[in-house]
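*Asks:* The listed protein sequences correspond, in order, to chains W and F. Heads up: the first sequence begins at 1 in this note's numbering, then just goes up one per residue. Heads up: the second sequence begins at 320 in this note's numbering, then just goes up one per residue.
Don't read these hints as lab results, they were simulated from the structure. There could be a bad hint or two in this list.
[As the list claims (entries may be wrong)] Partial selection, computed: residues in chain F whose CB lies under 8 Å from chain W:
| # | residue |
| --- | --- |
| 1 | Ala344 |
| 2 | Ala404 |
| 3 | Leu419 |
| 4 | Ala446 |
| 5 | Ser525 |
| 6 | Val559 |
| 7 | Asn574 |
[To be verified] Away from chain W, derived, C-beta distances all over 10 Å, residues of chain F:
| # | residue |
| --- | --- |
| 8 | Val330 |
| 9 | Val356 |
| 10 | Arg426 |
| 11 | Leu442 |
| 12 | Ser450 |
Backbone N, C-alpha and C fix where the C-beta goes; we use that ideal spot for every residue, glycine too.
Each chain is listed here by its residues.
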Amino acid sequence: MSRPLARLVGARLLLSLLSLFAVSVIVFAVMEALPGDTAQRILGRDATAQSLAVLRAQLHLERPAVERYGEWLGGVLHGDFGTSLVARRPVLPYIAAHLGNSLLLAGIALVLHIPLAVGLGLLGAATRRDGPIDTAISAAALLGMSLPEFVVGIVLISILATTLGWFPPLALLDEAHSVGAVISTLFLPVLTLNFAMTAYVLRQTRNAMFDVLRSDYVRMATLRGLPRGHVLLHHALPNALAPAINAIALNAGWLVGGVVVVEVVFNYPGLGRLLVESISFHDVPMIQASALVLSASYITINLAADMATVLLTPKLRVN
Amino acid sequence: MARRLSRAAQVGAAIVVIYAVVSVAAPWLAPHLPDAVFVGGAFEPPSHDFWLGTDNLGRDVLSRVLYGGRAVLLMAGSATAISVAIGGTLGMLLGLRRGLLDQVLMRLLDVVMSVPPIIFALLLIGALGPSAPLIVVVVGLLYTPNVTRVMRAATLAVAVEDFILAARARGESGAAIVLRELLPNVAGALVIEFSVRTGFAAIFISGLGFLGFGAPPPTPDWGIMINEGRSTMDASIWPVAAPAACLALMVTSLNLFTDGVARAIDRAAR
């Protein structure tokens, strides 16, 4: 690794750590804004003043917020996320199980996404600019970017699940016991996620390809009489790849928010749905843990994506 | 900036204008009140009285969609106005001035942008309780760092041009440079930011409504309508299809317009 590259990596790592810290402060501070305190939430509405006072003393709630934040963060760093107010059990196993499910969903979506998006972008660029195929692909991409994922999900459910009955309308992963059942459970959520992501990368790849195809070296290669396919794959694609990689990287980050909505649409037992549900139950330790873990994944994905973009783009590696 | 927009962009702009007009005129256009319940009239198919049918409670879907468009457009527009006003000003000033403040603020924005927006919004709205003003402010602030970044980059590209240097040499005030020299040259970028963010904000706000964090009733926000009608889609598809189609058409039109403006600027630059 060259020295400027090492410095860049170091700076990004530092920034990520700083972001994680900021997120933990935000997550803790926002929960302080909830009406009532932890003692009230544990004992419920008909708690007596006396029992509230006893519990408050037990939980050290009278101490300043900064101290309680320090204690909470210390616990988190040791893997102690506290106890769920609803389930009355430690939060950590819930978070671990739901995180696993979310990673499964997002991971499959991403693995299928990359070849699909780049391939379609190439196909678009291989055809004549503003010709019928190019226009059709661009129009589909524009529509894909304009449709919110919950609308796409609902449309897919109503056509492929309710009407045709090919897939289950809800992605109840815990009830899928065979590989086939898991695939058919995950099919619609993965398709929904890919719809939005593909649209975005498609546009990036297509635009980048057209820019590169206008360049002198591609024209030169064409004039030398090299076959069209060879020019596209060996001369144009490597140089159009950087924006595509960048778009895929952005999509990987987008997935963290995307899974929240898609998990709710399909009732999928992931971290996003857990967050939404715990917010409606005011289950503070669960909210804090799921928000923190989701944000940490977002930051980690963005860091990895940045690194990949730098390492795979020759231009950035030098400067 | 080129004056000619493509046909598709003009169509997009026209549809957006129609949305705005219809939203303003919703109280006169809507055949019923959005919350009027017609007892015994749930899940009516489209008819002369109810053009788009009725929902699970027997409310007119057309009227609700019209009023819902009003809510979505107003909230998305206001949120975008906040982010473009703050982010645009900040971006232009930082791009012109540079220096230590620029460095510090941009790193700070990097940190803010590293929190996933939907999680930030859910936490804040969940903790403080959903209300239209809160949603507008939260979404507006969430998009501010992005707008700041884009406008700062656009400013940096212009700031090295001779006419800015000449204005500086003439001893013109900062405000005069921003308003007379810089603003006309980054206006295209501002328009693109406004229209693309409005689309994002409309999707984001409807998404919040769908997740159960929308403005409280009686606001019939499209996302809330889709969420309410979702469980009874077997009985009638209209309460879901109508707001979903409206939302999709609006964002598509905004994107068509944005695309056209971006291409026109690109062409002019080449």
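*Asks:* Which constraints among the numbered hints does this structure fail? Numbers only, ascending.
*Replies:* 1, 2, 3, 10, 11
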